[in-house]
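Enquirer: Sequence:
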Amino acid sequence: MSSEADAIVSAIIARWCAGFATLDAAALSSLYSKNAFFFGSNPKLYRGRDGVADYFNGLPRWRRPSATFSEVRAAQAGPDMINMGASITFDLAGEREDLIVKMSWVIIREDGDWKIVNHHASAKAPLI
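Last residue of the sequence shown? That's 128 in UniProt numbering, and every number before it is there in order.
Since the hints were derived computationally from the structure, they do not count as laboratory data.
Built from N, CA and C at the ideal position, the CB exists for glycine as well.
Among the hints, erroneous ones may be present.
[To be verified] Computed spacing ranges between beta-carbons, pair by pair:
| id | residue 1 | residue 2 | range |
| --- | --- | --- | --- |
| 1 | Arg61 | Ala7 | 27 to 35 Å |
| 2 | Gly58 | Gly94 | 20 to 28 Å |
| 3 | Glu4 | Glu95 | 35 to 43 Å |
| 4 | Ser3 | Glu97 | 33 to 41 Å |
| 5 | Gly85 | Asp111 | 19 to 27 Å |
| 6 | Met81 | Arg47 | 17 to 25 Å |
| 7 | Asp91 | Gly112 | 33 to 41 Å |
| 8 | Arg15 | Arg64 | 15 to 23 Å |
| 9 | Gly58 | Ser3 | 31 to 39 Å |
| 10 | Gly85 | Ser3 | 16 to 24 Å |
| 11 | Pro79 | Asn35 | 15 to 23 Å |
| 12 | Asp98 | Glu4 | 27 to 35 Å |
| 13 | Asn42 | Ser3 | 16 to 24 Å |
Turn these sequences into a full structure, and let the hints guide you.
Expert: Next up, the structure:
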């Protein structure tokens with residue numbers, strides 16, 4: 001991963017984790033493209049920033065949620081695109097067991113800033 005791509009991905013992850021810690025749908029949705037496709041923890045495809053906000057507003061109101069990214073891999077896929085894959089552990093402070101997922105993002109440069117245009121979460125446990 002290039003140092004530029006690493007810095008971009010690290011900054012987005014930091015902002016994403018901060019927004020998730022307070023379940024701040026406005027802060028989280030601001031990280032996404034106006035044309036975002038978002039598959040989270042349910043089967044519905046959410047679209048655009050409003051869809052992303054709807055997803056996060058629909059989550060249970062856990063008292064102290066946190067997300068920890070690991071195994072982060074990123075590749076500059078073009079001058080205005082970064083591909084990222086990682087594992088995320090969601091710690092919900094005992095309100096439910098920890099949730100571990102695989103996450104992939106496609107990040108693009110949009111209006112001079114880097115935004116997530118594709119977000120896909122899937123089970124970490126093997127399906128087959």
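Enquirer: Next step is simple, just say for each hint if it's right about the structure.
Expert: Each hint, compared with the structure:
{"no.": "1", "hint": "Arg61 to Ala7: 27 to 35 Å", "in the structure": "33 Å, holds"}
{"no.": "2", "hint": "Gly58 to Gly94: 20 to 28 Å", "in the structure": "22 Å, holds"}
{"no.": "3", "hint": "Glu4 to Glu95: 35 to 43 Å", "in the structure": "38 Å, holds"}
{"no.": "4", "hint": "Ser3 to Glu97: 33 to 41 Å", "in the structure": "37 Å, holds"}
{"no.": "5", "hint": "Gly85 to Asp111: 19 to 27 Å", "in the structure": "25 Å, holds"}
{"no.": "6", "hint": "Met81 to Arg47: 17 to 25 Å", "in the structure": "19 Å, holds"}
{"no.": "7", "hint": "Asp91 to Gly112: 33 to 41 Å", "in the structure": "34 Å, holds"}
{"no.": "8", "hint": "Arg15 to Arg64: 15 to 23 Å", "in the structure": "19 Å, holds"}
{"no.": "9", "hint": "Gly58 to Ser3: 31 to 39 Å", "in the structure": "37 Å, holds"}
{"no.": "10", "hint": "Gly85 to Ser3: 16 to 24 Å", "in the structure": "18 Å, holds"}
{"no.": "11", "hint": "Pro79 to Asn35: 15 to 23 Å", "in the structure": "18 Å, holds"}
{"no.": "12", "hint": "Asp98 to Glu4: 27 to 35 Å", "in the structure": "32 Å, holds"}
{"no.": "13", "hint": "Asn42 to Ser3: 16 to 24 Å", "in the structure": "36 Å, violated"}
In terms of the numbered hints stated before, the structure departs from hint 13 and from no other.
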